[in-house]
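J.: Can you make the complete structure from the sequences, with help from the hints?
Top line first, the protein sequences correspond to chains H and A. Here the first sequence stands for residues 0 to 277, numbered as in numbering that gives the first Met the number 0. Here the second sequence stands for residues 0 to 254, numbered as in numbering that gives the first Met the number 0.
Quick caveat, the hints were computed from the structure, so don't treat them as lab data. Some hints could be false.
Restraint ranges, calculated between C-beta atoms of paired labels, are given here [as the list claims (entries may be wrong)]:
1) H:G97 with A:A237: 32 to 38 Å
2) A:G138 with H:R258: 38 to 44 Å
3) H:V117 with A:G150: 45 to 51 Å
4) A:D179 with H:A105: 45 to 51 Å
5) H:R14 with A:E181: 19 to 25 Å
All of these numbers come straight from a predicted model, not from anything done at the bench. Glycine is no exception: its CB is placed at the ideal position from the N, C-alpha and C atoms.
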Amino acid sequence: MPSDVELGRRAFRRRQTRRSVLVSALSTLVLAALLAVALIGSPGWARVQQTFFDPEVAVAALPRVLQGLWLNVQVLVVASVGVLLFALLLATIRTLRGPVFFPLRALAAGYTDLFRGVPLIIVLYLVGYGIPGLDFFGRMPAAFWGTIALILTYSAYVSEVFRAGIEAVHPSQRLAARSLGLSHGQAMRRVVLPQAMRKVTPALMNDFVAMQKDVGLISVLGAVDAVRAAQIETSHFFNFTPYVVAGLLFVLLAWPMIRLTDWLSARTRAREQAGSLV
Amino acid sequence: MNASPAGLETPPVLRLRGIRRAFGDHEVLRGIDLDVAAHEVVALVGASGSGKSTLLRTVNLLERIDDGVILLAGEDVSDPRTDADRVRGRIGVVFQAYNLFPHLSVLDNVTLASRLVHRIPRAEAERRALGLLGSIGLGDFARSFPDRLSGGQQQRAAIVRAIATDPELLLLDEVTSALDPELVGEVLELVRALAARGTTIVMATHEMAFARDVADRVVFLDAGRIIEDAPAREFFAAPREARSREFLSRFLPEA
Ligand SMILES: Nc1ncnc2c1ncn2[C@@H]1O[C@H](COP(=O)(O)OP(=O)(O)O)[C@@H](O)[C@H]1O
Ligand SMILES: [Mg+2]
Numbered sequence: 000m001p002s003d004v005e006l007g008r009r010a011f012r013r014r015q016t017r018r019s020v021l022v023s024a025l026s027t028l029v030l031a032a033l034l035a036v037a038l039i040g041s042p043g044w045a046r047v048q049q050t051f052f053d054p055e056v057a058v059a060a061l062p063r064v065l066q067g068l069w070l071n072v073q074v075l076v077v078a079s080v081g082v083l084l085f086a087l088l089l090a091t092i093r094t095l096r097g098p099v100f101f102p103l104r105a106l107a108a109g110y111t112d113l114f115r116g117v118p119l120i121i122v123l124y125l126v127g128y129g130i131p132g133l134d135f136f137g138r139m140p141a142a143f144w145g146t147i148a149l150i151l152t153y154s155a156y157v158s159e160v161f162r163a164g165i166e167a168v169h170p171s172q173r174l175a176a177r178s179l180g181l182s183h184g185q186a187m188r189r190v191v192l193p194q195a196m197r198k199v200t201p202a203l204m205n206d207f208v209a210m211q212k213d214v215g216l217i218s219v220l221g222a223v224d225a226v227r228a229a230q231i232e233t234s235h236f237f238n239f240t241p242y243v244v245a246g247l248l249f250v251l252l253a254w255p256m257i258r259l260t261d262w263l264s265a266r267t268r269a270r271e272q273a274g275s276l277v
Numbered sequence: 000m001n002a003s004p005a006g007l008e009t010p011p012v013l014r015l016r017g018i019r020r021a022f023g024d025h026e027v028l029r030g031i032d033l034d035v036a037a038h039e040v041v042a043l044v045g046a047s048g049s050g051k052s053t054l055l056r057t058v059n060l061l062e063r064i065d066d067g068v069i070l071l072a073g074e075d076v077s078d079p080r081t082d083a084d085r086v087r088g089r090i091g092v093v094f095q096a097y098n099l100f101p102h103l104s105v106l107d108n109v110t111l112a113s114r115l116v117h118r119i120p121r122a123e124a125e126r127r128a129l130g131l132l133g134s135i136g137l138g139d140f141a142r143s144f145p146d147r148l149s150g151g152q153q154q155r156a157a158i159v160r161a162i163a164t165d166p167e168l169l170l171l172d173e174v175t176s177a178l179d180p181e182l183v184g185e186v187l188e189l190v191r192a193l194a195a196r197g198t199t200i201v202m203a204t205h206e207m208a209f210a211r212d213v214a215d216r217v218v219f220l221d222a223g224r225i226i227e228d229a230p231a232r233e234f235f236a237a238p239r240e241a242r243s244r245e246f247l248s249r250f251l252p253e254a
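T.: Okay, structure coming up:
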């Protein structure tokens, strides 16, 4: 049984909590009301509502846009796997020591510099219209080239994330592994990389969320994804609502991942702070 | 190279001749000669920065040398053609801190080198590791991750990991100096037990009382040179060199 002093403190804290919940609910409501009044009260609201928020158009366009979104999801899954593998390869190459690997190291470094600098949309055009022109691979769908372009660009970012993670593992961990007789490769695979992965998971998930949006760009190559489907529906209905539908669907797709990322990084931070007390 | 005084048949476990190492123009090791016989326990003492850690890393080939020869059981391992991984597999090392791998269970930590380097089947490596962990009271922690263990338990697990592959030589680098004072004892007890079992040990330490009790010999290092190399009892009772006396007076005020 807690003491009276403690019971008093707990009661006080409960009152405090209740009050702050009430205050935040109220302020949210007031802000939302103000925004709604400003929006609806604006002179052009009726026209905007008609062209962007038409429920009938939304319902009519939904099936096609959803079908398009399914293509985005497929591209996203394949591209994510591709990015993880290629980025890991790039990051590992950049950690190789020894003069033999100099050309490989330089190549990997040049690659990441280049592809972090070029806008994704330009990579899309170059890959989507350039490589097929070589007549090397036979005919491939636009989504295929879009996936390749995404992998090329995002691997450059993600390999840097991996590299930062590898460097964040305390050097004495590698020393301890080597002192046991593990080779460079064994020390990397068994000791350094697993710890690096843990450290970079939140950053990786952030890049994943960014890519979730950027898969919409494959529409510029003519792939009928959610964005392209929305475009088709828009010109069919002479109404922009399908874009809003597609936008909302992208948000819904990304939302669980965004929450998970936030939760994970908060947890990591909490753990690190707890760890630093020991 | 001369044979050891005992004769050709038993070269010392470790023989160092003229080891030199500089970082830039800072000479950290200035010609180290040292022999360590089988079952011998050698305490490496000296002020912070005198080169103890560098010397231990050198023996384990984690540090390049600028000159000198390192013989491990008579084999020249300082030859550049040496397979360094194989040599490291023959030597156990425990550092001051950050020894255990935080993403592996204690058991996996202990068996990692057996499985990967010495190609011992997992079941056998684990049976052996569980025996060792049990013998020092860590059996219940075998499946735990290192962050569940106290600092003293972690260092003891690290020592068990270092001896799990039956190394010819065990190197300990101030294994207690990152620990809270009340955890030092249990780690020293384990080292004492290993010494009693005949493990060949070279340990850098600031625990002078422990060195006096457990070490056969004390090697006093000062600015990268061996100033005095004497039986432990003699070194603590009547150090020959003025610098040894000065060093000891800082650690053992009563001496
Ligand atoms: N990697 C390194 N680069 C530069 N200087 C180093 C390096 N390692 C050790 N030193 C220097 O070598 C000297 C001896 O260090 P160390 O062997 O750690 O001494 P001890 O273990 O006796 O305290 C110190 O002055 C230290 O700064
Ligand atoms: Mg040291």
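J.: Checked against the structure, which of the hints given earlier come out wrong?
T.: 1, 5
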